[in-house]
Amino acid sequence: MTRIDDVARLAGVSTATVSRALRGLPTVSAATRRRVLAAAEQLDYEVSPSASRLAGGRTGTVAVVVPRITRWFFSTVVEAVEEYLHDSGYDLLLYNLGGREQVRQRVLRTANLHKRVDAIMLVATPLRPADLTALASLDLPGVTISSGSRVPRWPCVRIDDVAAARTATRHLLDLGHQRIAHISGDPDDELAFTTHLDRRRGYQAELRAAGLRPDPSLDVESTFTIDGGNRATAELLARGGPPPTAIVAACDEMAMGALTALRDAGLRVPQDVSVIGIDDHDLAGVLGLSTVTQPAAEQGRLAARILLDPLGARTLGPVVGQRGADGDTPVILPTRLVVRDSTAPPRAH
Numbered sequence: 001m002t003r004i005d006d007v008a009r010l011a012g013v014s015t016a017t018v019s020r021a022l023r024g025l026p027t028v029s030a031a032t033r034r035r036v037l038a039a040a041e042q043l044d045y046e047v048s049p050s051a052s053r054l055a056g057g058r059t060g061t062v063a064v065v066v067p068r069i070t071r072w073f074f075s076t077v078v079e080a081v082e083e084y085l086h087d088s089g090y091d092l093l094l095y096n097l098g099g100r101e102q103v104r105q106r107v108l109r110t111a112n113l114h115k116r117v118d119a120i121m122l123v124a125t126p127l128r129p130a131d132l133t134a135l136a137s138l139d140l141p142g143v144t145i146s147s148g149s150r151v152p153r154w155p156c157v158r159i160d161d162v163a164a165a166r167t168a169t170r171h172l173l174d175l176g177h178q179r180i181a182h183i184s185g186d187p188d189d190e191l192a193f194t195t196h197l198d199r200r201r202g203y204q205a206e207l208r209a210a211g212l213r214p215d216p217s218l219d220v221e222s223t224f225t226i227d228g229g230n231r232a233t234a235e236l237l238a239r240g241g242p243p244p245t246a247i248v249a250a251c252d253e254m255a256m257g258a259l260t261a262l263r264d265a266g267l268r269v270p271q272d273v274s275v276i277g278i279d280d281h282d283l284a285g286v287l288g289l290s291t292v293t294q295p296a297a298e299q300g301r302l303a304a305r306i307l308l309d310p311l312g313a314r315t316l317g318p319v320v321g322q323r324g325a326d327g328d329t330p331v332i333l334p335t336r337l338v339v340r341d342s343t344a345p346p347r348a349h
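Numbering follows full-length UniProt numbering, in which position 163 of the sequence shown is assigned residue number 163; successive positions increment by one, without gaps.
No lab work stands behind these hints, which were simulated from the structure alone.
Each residue gets a CB set at the ideal place from its N, CA and C atoms; glycine is no exception.
Heads up, a few of these hints could be off.
[As the list claims (entries may be wrong)] Now the in silico label distances, taken between C-beta atoms and shown as ranges: (1) ASP309 / ASP272: 46 to 54 Å; (2) PRO334 / PRO214: 22 to 30 Å; (3) ARG340 / LEU37: 45 to 53 Å; (4) LEU267 / VAL103: 38 to 46 Å.
Given these sequences and hints, build the entire structure.
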């Protein structure tokens, strides 16, 4: 097996210079780097990732914490993060909280992460004061994805949830709808954290901008799931009075539940009721669901890149979005309206 000493002898440099050249450090001249790379290629020398990490005092592992890996958004983000970390020579250590307080405390409030990882990524993970204290004591670089509790001095990658909901509501208003309902997250559901509040604010703000007063009877809370959307829509229809001509769902999974509830009630989409969601779930196109797409995978890749920059990892491609000078300024990625078959003008139009 070729050793680093063999490369050093062939290139006529020290082993330390070989190490610096192969790691791409700027303290090595271009000519020396070319000579080292040529020697390494001639000898078929490969750097041992584990040895390189240990020499630098690193584990080569990033902890990624998610509330529930089974949800579309979280699994999509984690897949993108894992791919980026792998391409950058890092491993992913996944913690799935699963709504279990004991797991939260073991992961976030103990020394469980100490000396096991180089950095931490929190994906839409609601945090309590004790969690923030524990994370600060670890003194590790970190990044958060999506809205929720912020960690001081950690960058955050997210979309503008208020703007996304305004876009969805504006689409229905432009079609001629005025009696527009809203189904959103339950404030007692920790997975909703602040996302449902931001999206409700956007829905209400766009109605007011159109000169309409938000009607509390058209706003129903449930969980961010297909079943939650089904139950919320069934409750909406059971309240009596004129039914809505359109529904803004706070996420695509709730919108899918709304489609089922409307079908069960004998209502047609979009002839009787239009439905729009937010996310652009993998199944949204199959179901013909109009939505406001959020780039889940792109959020994961960008967060991974931001996280690895301080660690000196190789980066891939240009940074997307805008990042402030300080770590507390979030990176806001754009959303866009995708119109499919589930929205149309109300029958009166």
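Structure-based check of each hint:
1. ASP309 / ASP272: 46 to 54 Å: holds, 51 Å
2. PRO334 / PRO214: 22 to 30 Å: Given range 22 to 30 Å: holds, Cβ gap about 26 Å.
3. ARG340 / LEU37: 45 to 53 Å: holds, 51 Å
4. LEU267 / VAL103: 38 to 46 Å: holds, 41 Å
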